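S.K.: Just so you know, the sequences run in chain order A and B.
Residue numbers for the first sequence follow the UniProt record's numbering, beginning at 1 and rising by one.
Residue numbers for the second sequence follow the UniProt record's numbering, beginning at 1 and rising by one.
Simulated from the structure, these hints should not be mistaken for lab results.
Bear in mind the structure is a predicted one, so any value in this text is a computation, not a measurement.
Ideal Cβ positions, reconstructed from N, Cα and C, are used throughout, including at glycine.
Misleading hints may appear alongside valid ones.
What the hints assert, rightly or not - Computed beta-carbon distance windows for the label pairs:
no., chain 1, residue 1, chain 2, residue 2, range
1, A, PRO153, B, ARG271, 27 to 35 Å
2, A, ILE273, B, MET145, 19 to 27 Å
3, A, SER250, B, GLU200, 40 to 48 Å
4, A, ILE223, B, ALA28, 24 to 32 Å
5, B, PRO86, A, GLN306, 26 to 34 Å
6, A, TRP271, B, PRO86, 31 to 39 Å
What the hints assert, rightly or not - Computed, partial: chain A to chain B, Cβ under 10 Å:
no., residue
7, VAL142
8, LEU146
9, LEU148
10, VAL149
11, PHE152
12, LEU188
13, ASP213
14, TRP234
15, ALA336
16, LEU349
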Amino acid sequence: MSHSTVPRPRSEAKTPERAPGASDDATGTGPGGDKRTGRRTGGRRGGRTGSRTGKGAGKLSLRLRFRRDRTLILMTLPAVLLILVFNYIPILGNVVAFQDYDPYLSENGFVAIFQSPWVGVEQFERIFADSAFWHAVQNTFVLFFLQLVLFFPIPILLALLINSIVRPRIRAVAQAIMYLPHFFSWVLVVTVFMQIFGGAGVIAQTLRQHGYDGFDLMTNPEIFKYLVTVEMIWKDAGWGIIVFLAALSSVSNDLYEAAAMDGAGRWRRMWHITLPALRPVIALLLVLRVGDALTVGFEQLLLQRQAVGVDASDVLDTYVWWNGIRNQDFSYAAAAGLVKGVVGLALVLTANKVAHLMGEQGVYKK
Amino acid sequence: MSALADATARAAESADRRPTAPKPGRWAAPPRPVWEEEPAKAGLAGKGIALGFACFAILFPLWIVIVTSLQTKKTIDEAGGLVVVPEGITLIAYKELLSGGQVQTAALVSVGVTVVGTVFSMTVSVLCAYGLSRVGSLGHRWILMTLLATMFFGAGLIPTYLLVQALGLMDTYLALILPSAVSVFNILVLRAFFMGISPELIDSARIDGAGDLRILWQIVMPLSRAVLAVIALFYAVGYWSAWFNASIYLTDQDMMPLQNVMIQLVQKQERPVGLSAQINTGQLSPLAVQMAVMVMALLPVAVLSPFVQKHFKKGMLTGAVKG
Chain A
1 MSHSTVPRPR SEAKTPERAP GASDDATGTG PGGDKRTGRR TGGRRGGRTG
51 SRTGKGAGKL SLRLRFRRDR TLILMTLPAV LLILVFNYIP ILGNVVAFQD
101 YDPYLSENGF VAIFQSPWVG VEQFERIFAD SAFWHAVQNT FVLFFLQLVL
151 FFPIPILLAL LINSIVRPRI RAVAQAIMYL PHFFSWVLVV TVFMQIFGGA
201 GVIAQTLRQH GYDGFDLMTN PEIFKYLVTV EMIWKDAGWG IIVFLAALSS
251 VSNDLYEAAA MDGAGRWRRM WHITLPALRP VIALLLVLRV GDALTVGFEQ
301 LLLQRQAVGV DASDVLDTYV WWNGIRNQDF SYAAAAGLVK GVVGLALVLT
351 ANKVAHLMGE QGVYKK
Chain B
1 MSALADATAR AAESADRRPT APKPGRWAAP PRPVWEEEPA KAGLAGKGIA
51 LGFACFAILF PLWIVIVTSL QTKKTIDEAG GLVVVPEGIT LIAYKELLSG
101 GQVQTAALVS VGVTVVGTVF SMTVSVLCAY GLSRVGSLGH RWILMTLLAT
151 MFFGAGLIPT YLLVQALGLM DTYLALILPS AVSVFNILVL RAFFMGISPE
201 LIDSARIDGA GDLRILWQIV MPLSRAVLAV IALFYAVGYW SAWFNASIYL
251 TDQDMMPLQN VMIQLVQKQE RPVGLSAQIN TGQLSPLAVQ MAVMVMALLP
301 VAVLSPFVQK HFKKGMLTGA VKG
């Protein structure tokens with residue numbers, strides 16, 4: 001866009017690995033090249049031409065580069081430290097899955113790890129022999145499937161609906177309302193449902209007051225999986241439309257006009273222009289959702305675990321919580337968490353691979 | 001003199017902007033492109049119904065909660081519980097809850113954790129995002145990879161719990177803040193936004209002798225108010241909504257934040273400590289008390305998020321371009 005007007009500042013420092021042209025340095029960082037919707041990644045990777053690396057950045061010695069960048073490195077330090085402590089060190093803590101960890105061996109729980117006996121894969125054998133574990137796996141997949149079928153399409157439909165509204169005010173108000181529940185905590189969402197539909201909720205109470213039978217949707221294991229899905233739709237379907245709206249707003253009006261000239265009606269335009277515009281986003285989100293299949297909602301299920309019973313509500317995450325935090329069977333729970341983590345990681349990586357094969361960006365770049 | 005000139009210029013400008021006719025209405029439809037056909041009545045009606053239903057499904061439960069919290073015991077009992085049309089507003093439930101006692105303490109704890117946590121998270125994240133936004137600096141790629149990797153695997157609940165325990169954070173408010181203080185996703189959104197700021201601007205500031213901190217504070221941050229607002233909201237909502245960390249890291253009931261107290265009051269049908277007297281003498285409906293706690297939990301979020309709403313799309317889009 002701007003590489004023709006901006007005389008490519010400092011670009012001789014590094015030759016972009018990519019083909020010169022639209023995605024060269026100026027696209028990402030040039031003054032006019034700030035394309036809000038365009039992919040900037042090309043410019044970023046090829047263009048190590050930020051203000052830091054001027055001419056001949058590669059020639060600077062490590063020491064000079066450090067002296068030049070020490071403020072920047074210092075700035076990242078607090079965040080990096082927090083991530084190292086709370087995300088990386090616990091990874092090492094997963095060794096308790098191969099132990100018979102006993103927190104009382106030492107004053108400090110982490111020191112106790114070094115004193116606990118190793119038991120190899122015994123914990124894993126226990127897990128795979130436990131029917132409750134397989135029950136949690138089953139529940140996880142049932143919920144995942146329901147979310148895929150019932151939850152996934154709704155944001156797309158809502159986005160099409162919102163996109164078809166031409167009055168800006170109505171549009172803004174509708175969007176504000178739909179985004180709202182996303183910001184409520186799960187405690188609040190579950191509590192609202194309980195107060196409205198629960199056995200002691202206002203509807204059941206009012207029915208009873210007027211001589212009808214009350215009902216209790218919150219403690220019924222049969223419908224629990226649908227209840228969770230509905231709660232999820234209430235909370236997050238509105239938020240999910242953002243990414244689709246973004247995709248729709250980048251569709252050029254010329255396409256619609258040309259189609260209309262060719263005699264395409266409202267529905268044909270939707271079918272041949274609007275939906276194809278959404279297709280990459282839908283495919284990408286679908287792939288990523290499948291990659292995240294083992295995570296079907298933790299807080300939401302934990303909050304309703306007691307009301308509806310373990311059989312109906314236990315998924316992998318809550319299973320780990322129950323055995324570890326509640327029953328203090330740390331090694332067993334860590335092993336279960338490790339199984340979930342490893343399978344989950346494999347799924348995420350596979351999903352990203354598929355996303356890349358489709359020519360999408362995925363969570364990380366190739 | 002110049003102030004006067006400014007004022008006149010401003011007055012003239014605002015006079016220009018003032019429409020001569022009454023506004024065509026901000027609710028009115030903008031002109032249609034010539035090629036687009038007029039919508040059919042049935043289609044319009046269908047759209048209206050669908051949209052109305054979606055909004056109703058979201059707002060109706062909230063309406064019930066808010067209305068019930070404002071009713072006296074008498075009205076609630078007469079209606080049998082479901083009050084749709086309010087009859088006389090009373091703030092008795094809120095007065096009782098905020099006159100000291102468990103709920104008031106919990107609300108203060110929640111506000112404190114949210115404010116301190118958000119300030120801390122924002123400071124750390126903005127600094128880190130700026131540090132990473134100057135592409136090509138030493139170690140930039142390595143640090144980025146370190147952060148990105150955490151988006152793929154978590155350490156797991158049990159090791160994290162053991163770590164927090166080992167660090168001696170149990171039963172401290174730090175346990176509610178530190179473990180989830182930085183979100184890599186938020187850092188990436190900020191970073192992407194910072195990178196969109198013209199490097200020429202930053203270079204010229206550097207030539208004028210500004211250091212990195214000064215550039216961040218006086219140039220980058222004022223230019224990124226929109227995304228800063230969005231990210232601050234995300235962090236604040238995160239802290240305000242959190243209950244799980246408190247439930248596993250805190251044992252002292254008096255330290256519990258609002259969400260945890262709400263679980264006890266509503267889901268386990270307990271009564272707030274110190275309020276039993278009013279409830280037992282029949283002045284206060286337990287239902288109204290529960291609903292009032294829920295309103296206290298939803299109010300800050302419901303009030304704040306619409307203000308930031310117009311920036312969401314941009315923020316999310318910037319975040320979608322990662323790497």
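S.K.: Kindly indicate which numbered hints from before are broken by the structure, ordering the numbers from low to high.
M.R.: As far as the earlier hints go, 1, 2, 3, 4, 6, 7, 8, 9, 10, 11, 13 are violated by this structure, in ascending order.
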